[in-house]
Amino acid sequence: MKGTFFKEFFNRNGPLLGTYLLLAVAFWIIILIVLPQLSMLDYSFRFNLPPSAQGGEKDVYTMSNYQHFFNGSEGNPERLSIFGYQTDIPFNKVDIAVFFKTILAAIFVTAFDLALCYPLAYFLGQSASGPSGRVLLLLLIIPYWVNEILRAFAFRIIFGATGVINTVLVGVGILDTPIDFIRENVALYAGLGYAYLLLMIFPIYNAIESLDRNQIEAARDLGSPWWRIHWRIVIPFAKPGIVSGCTMVFMLTAGALAAPQILGGPSSLWFTQIIYQWFNTGGNWPRGAAYAVVLLFICIVFVLAMMRLFKVKMGEIGK
Amino acid sequence: MSTGVGVDLDDVWVKFGDFVAVREANVSIKGGEFFSFLGPSGCGKTTILRTVSGFQEPSQGEVRIGGTNMVGIGPNLRPTALIFQNLALFPLMPIWENITFSMEVRGASKGERRKRADELLELIALQGQGDKMVNELSGGQKQRVAIARALCAEPDVLLLDEPLSALDLKLRQHMRTELRAIQKQVGITFIYITHDQGEALTMSDNVAVMSAGVIDQIADGRTIYDDPASPFVASFVGENNVFSGKIKTITKDYAVVDTPAGDLRAKIGTAARGKLQKGNDAMAFVRPEALAIAAGRKGKDENRLTASIKTEEFEGQSYNIFLNQADGAEIKMSLVNQGQAYEHAPGSQMTLSCNADQAVVLPAGALASE
Amino acid sequence: MRQNPLIKVFLAIYLVIFFSYLLGPLVIMGITAFNSPSFPKAAPWECLTFEWFSVLANDHRIMTGIRNSFIVGIGTVILSVIIGLAGALVLTQIWPKLRATYYTIVIAPILIPGVVLGISTLVFWGRMNAFLGLSDESFLQNGIFLTIIGQTTFISSYCMLVFVARLQRFDQGLTEAALDLGATHVQAFRKVMLPFLYPAMGSAAVLAFLASFENYNTTTFTFGKYPTLTIELAQKVRYGINPSISALAVIIVTITILGALFYEMRKRREAMAIANGAPASAVSGGGFKLPKMLAGNPAAIILALVLIGGIGTVLFAQAYNPQACKVEVREEKRKATDKRIQELQEKAKQRSLQEKLKGPDIFNQPAQSPVPPAQAPSNPGSGTFGDVFNPGNLDEGDAKKTPDKGSSLNPGSGTFGGVFNPKNLNESSGKGTSQ
Ligand SMILES: Nc1ncnc2c1ncn2[C@@H]1O[C@H](COP(=O)(O)OP(=O)(O)OP(=O)(O)O)[C@@H](O)[C@H]1O
Ligand SMILES: [Mg+2]
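Chains as they are written, first to last, in our numbering: chain S, 116 to 434; chain L, 6 to 375; chain U, 146 to 580.
Isolated chain S, as found in the complex:
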């Protein structure tokens, strides 16, 4: 069967073109996608050795990097407690807390974006056609083209201790002392929510746009209140778009690095920042790779869970 596939493939494309297609795709899938991921996985099971010792007899597989994620470094006084029962298992409270905080915050940001974007996507998809709709779309697109760093920077200007909000609030006399939005993570969440807003709007918008207006009219005609129209007709129809948007926003938020680095308060670490530290200041690459594997793993689980839960196919994501 495979033989005939290749034969047909070359029949259709000719030798030169067929070779280009196969080589380019093979390079992409094997060299760029699969091997690096496998390599990273393999690397995460190694000790952090100096280059000279790599490949030597000490270079054996180990779980230590993952153990570190769960149990912390040796001599870690924290112990896991399950429902209040203290156990003897050492417990890397800092990293695991950051991990869960990142996931929770990403979910929160996703939900926030969904709530904020759904009405606009609906409005754009159903009511705003013609030039005004196109202008709104354009206004939506422009910030998306602007560098992520600069978007975060803009939030820093707004929320900084001497930023616009504080200056105005203090100037007007509402506040006595500036609020430290950065420390309170307000800036971080606002910035993260901002960063991937568009990836929420467009899939939903695309889905809703193709919804036949008559369906809504018919439902309204039958006396359905507006919330029921949304619940029973619009949302089920836009489901693939919603899932696609939520998946993208969640993944990008959980994997964000720039916004937490720029907008994160002193006490807030994002999981990617820990990874970053292992690679830079921490100087322990295998451990960083292990943490990256953990992040990748949770992201895959999340995508699969979303798709299973909402019965959406892979083909609908990324449209």
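Think of the hints as simulated: they come from the structure by calculation, not from any bench.
Some hints here could point you the wrong way.
Unchecked claim - Pairs of lysine to any residue, SDA-like flavour, derived with a Cα cap of 20 angstroms: (1) U:K153 to S:H345; (2) U:K242 to S:V427; (3) L:K20 to S:R127; (4) S:K208 to S:V409; (5) U:K153 to S:P340; (6) L:K272 to L:K305; (7) U:K336 to S:L132.
Add chains L and U with the ligands to chain S, keeping to what the hints say.
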């Protein structure tokens, strides 16, 4: 003009996985002939054409063009040009570039190409319109451009896949005549595909009728119409009334079939000669225009059939009466409109007559579905 | 649609809030680029200035970053378009049973966190390098190479999606027709398929370049000795801010807006052409008139306005001199500040009296943004000044720190202003990352 190059299919099979799209096709097309494949949608016509043009390798058997076996020769190297079912004109090129694309890939100079384009544009009556884009043409004009583009490649065999199906009736009839004229003019072999029997019968020297991947009959239009080789052909080409039953008596050329409308004596189809015996299930076919209302004394070769009247229908030049046989099978009778009155009460019995030489007996078999 | 007025009001409010959230930050950032205080601020407005643009132009690292970004961007565009095109073509031909799996694999890089892509690229090519026995300085370990490779991994997926969308409208029959007319496979591809894909290639290239240009997560692991502009920006934003970043932002935003508008305009034109039943090139090639293009094409209108505005600004900047305004503002501020200081000193005295009565309560609050003691001397005679003065320190700093290219009114102010404000921010981000 040249006499053209012949095309032979020798026991050709085409399979897609387990699905057999073409079964045991044996066709011999003479050079310079206008040959049609006729059959219902999905019967494998396009597949045969793609096999000839080289887009589809036969799973078995041999395609020869001008006597040369075409195995392993790609579509760009075969002396054929295909006019696609949807024309497949290049939307990003002006008309003249479309027409001379085959010269462009051979590296002909621009001057040469323009000159040839002008000649061909004249042939298809589109002089001076070479710089238009494809989307600026009407359906019939696109059609003609597609033909010119194929002719420009100077093929030995021109393959046309239902090129007229997208056109309206008037234009289609006009294009039929034009196609035939062009074929006469250039004198190359045309292989034409259609599911429209009128098209096949009017234009072709020979027609192959296909059903579900099998070629049932190859003959000229008259033979196909008058002497079909199978119940499928009989019922697919033109309208036909079916009278089924067992053979009562049989001679060398004629058989009597015991039908619900009464005994029917009919000529045995050429393809069925020697294959029928007394007691076999058979079908007799009578065209609507071969039926008449019985009058006077029964002639020597005349059949008398009875059926009950269902409805009547006025169709301008003709006037149709629909009847039911005793088992419910329908009969259609077509009378030339001579100002007769409608006087037949539905449900009443009527006696019909038809000549034995205008009825054909074949072994029972699958009919063409509506 | 029947709509009651209340819903309309809510809708309007919602739209205003939404678009303020979306565009407000960019506008405010844009304003700061033209405001004279050396810490990027939109309010209070002081003096219109263009000096941040020249500060930017003299920033060596930014300029190198831009150069690196361009090299990486071009490399990534070339690779991604080539790969994405192949990926899309294979998707249209692949054996149906394999299609879903194939699609999942090639779309995965979009969903894999950028950080992970960066790390895996770094690790894989590092090992490849070791495996091949090359030195640490080898090509495979070169920051530009790694960055291009890392970015190509996922940008190819974007490009592929662009091509897939276009290919869905391609009639495979056209390629067959070309072959049938005697073209070789390569000729058929070049003369029939490629021209059809040109618009998509343009879109894909623009998309790829922008994605590459702004990428941070992947690049931050792979850049090696060749920091791209985004990396330099991130460094600057994290470790010290002045409005020259805003100035850069204004430039980038303007360019991206121009790009986005241009892109939109082209897409719109294409859509219009298709609506009219003509291929895009037919329309652009034929007598396409400018006014007609503007009509009903908001992108084109905005593009024209932005261009005019930009040219106007540049011309104005040549002629404008903010010096007078600056002196004035400085003067005003100094007076206001003096007054304020006096007031506050009064207050401080009172408070320090109160403190003696109930101390901890008050200490806690102002400690949030500590002022290094070293700066106290500039205001002799107030030990508690730093703490208490917090809300006002902005005005203070700005009044004095306005960079004056050498000639400073107040000898101490240069260092004071320069150190004080960025320090404030450094604190928080410094902690944020050094934990
Ligand atoms: N590439 C293919 N793979 C699998 N099956 C195919 C393929 N091409 C054609 N078939 C099948 O072969 C049969 C014949 O197809 P073909 O296109 O030859 O029909 P056709 O006679 O040209 O019909 P139409 O008049 O509708 O064009 C159909 O049942 C079709 O589904
Ligand atoms: Mg067909």
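Here is how each hint holds up against the structure:
1. U:K153 to S:H345: holds (18 angstroms)
2. U:K242 to S:V427: Holds - the C-alpha atoms of S:V427 and U:K242 are around 18 angstroms apart, at most 20 angstroms.
3. L:K20 to S:R127: Holds - the C-alpha atoms of S:R127 and L:K20 are around 18 angstroms apart, at most 20 angstroms.
4. S:K208 to S:V409: With Cα atoms ~16 angstroms apart, S:K208 and S:V409 stay inside 20 angstroms; holds.
5. U:K153 to S:P340: holds (17 angstroms)
6. L:K272 to L:K305: holds (14 angstroms)
7. U:K336 to S:L132: Holds. U:K336 to S:L132 sits at ~13 angstroms (cutoff 20 angstroms).
When held up to the earlier numbered hints, the structure conflicts with none and fits them all.
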